[in-house]
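**Q** Given only the sequences and the hints, what does the whole structure look like? Please build it.
To convert a position in the sequence shown, counted from 1, into the numbering used here, add 258.
The set of hints was computed from the structure by calculation and includes no laboratory data.
A couple of the hints might just be wrong.
[As the list claims (entries may be wrong)] In silico DSS-like pairs for lysine-lysine, Cα to Cα no more than 25 Å straight-line: (1) K265 x K389; (2) K389 x K442; (3) K265 x K442.
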Amino acid sequence: MMPTSSKPEDSQRWLGGLNFFLADVRDGLGPFLGVFLMGLGWRADDIGYVLGAAGFAGMLVTTPLGAWVDASRRKRGLLAGGTIALIVSNLALWAAPSGIVVTTTQVVTAVVGALFGPALMGLTLGLVGPKDLPRQLGLNEAWNHAGNVAAAALAGFASYRWGLPAVFVLMTLMATASLLCLSKIQPQHIDHNVARGLDADSAQAVKGSDRIPSHGRLPRSHAACACWP
Numbered sequence: 259m260m261p262t263s264s265k266p267e268d269s270q271r272w273l274g275g276l277n278f279f280l281a282d283v284r285d286g287l288g289p290f291l292g293v294f295l296m297g298l299g300w301r302a303d304d305i306g307y308v309l310g311a312a313g314f315a316g317m318l319v320t321t322p323l324g325a326w327v328d329a330s331r332r333k334r335g336l337l338a339g340g341t342i343a344l345i346v347s348n349l350a351l352w353a354a355p356s357g358i359v360v361t362t363t364q365v366v367t368a369v370v371g372a373l374f375g376p377a378l379m380g381l382t383l384g385l386v387g388p389k390d391l392p393r394q395l396g397l398n399e400a401w402n403h404a405g406n407v408a409a410a411a412l413a414g415f416a417s418y419r420w421g422l423p424a425v426f427v428l429m430t431l432m433a434t435a436s437l438l439c440l441s442k443i444q445p446q447h448i449d450h451n452v453a454r455g456l457d458a459d460s461a462q463a464v465k466g467s468d469r470i471p472s473h474g475r476l477p478r479s480h481a482a483c484a485c486w487p
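**A** Spelled out as C-alpha cells, the structure:
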C-alpha cells in the first residue's frame, strides 16, 4: 500500500493540478462541439436547441447540487464521480453522435459543470480554512486559467494535426490526470465542518458528529463560500 500524505500542505499542493486539468474538462467540448456536429451534417439551429436544453438543465440543478455538496462529507467522491461521468459522456458522443446521445451527453456535461463549482469551493475551504481561502482561490484561478490556455493550444494543435477526434482523446487524458490529482488529496485533511462555512469554534463543537449544521446559524460570508463558486 502506498504511504499517505501526513501533512495538509501536501494535499493542498494538488489543488493546483486539479484546477489545471479540470479547467477545460468541466465545460465539455466547448467551441469544438459545434464544429464536430456541423461536420456530421447538423444544422445550426438544432445545435442551438441542444445547447439551450443543456444550459437550462444546468441552471435548474445549480441550487440543489450546491446544497448536496454543502451537506456531503464525500466531496472527493462527488468530483471523481462527475469526472468519470464526463469521460463516459465524451466517449459516447464520439462513438455514437445520434440526436439522443448528443442531447443526453450535453445535459450530463451541464449538470456536472454545475456540480464542479461548489464541490471545488467546498474542497478548497475544507483544506485551507477561511483564513487562507482568498490566497488559495487566487492560486486556483491562476491554475484554472493556465489550464484553459494549455488545453486550448493543445486542442487546436491536435485537431489541426490529427482531426477533431484527437480533441476527445485530449479531454479524456486531462480528465484522467485530474483524477490522479484528486487521489493525492487525502480525505483526513478535509475539514467538512469548515467546508460548510462554520467558524473554527463551531466546527470544533460539531467535529465527530454526523449532524448537519443549520444554515440559518452559519456565518453569512462563509456559508455563501461553501455553496457557490
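**Q** If a hint holds in the structure, say so; if it does not, say that too.
**A** How the hints compare with the structure:
1. K265 x K389: Holds. K265 to K389 sits at ~18 Å (cutoff 25 Å).
2. K389 x K442: Holds, at roughly 23 Å.
3. K265 x K442: holds, 12 Å
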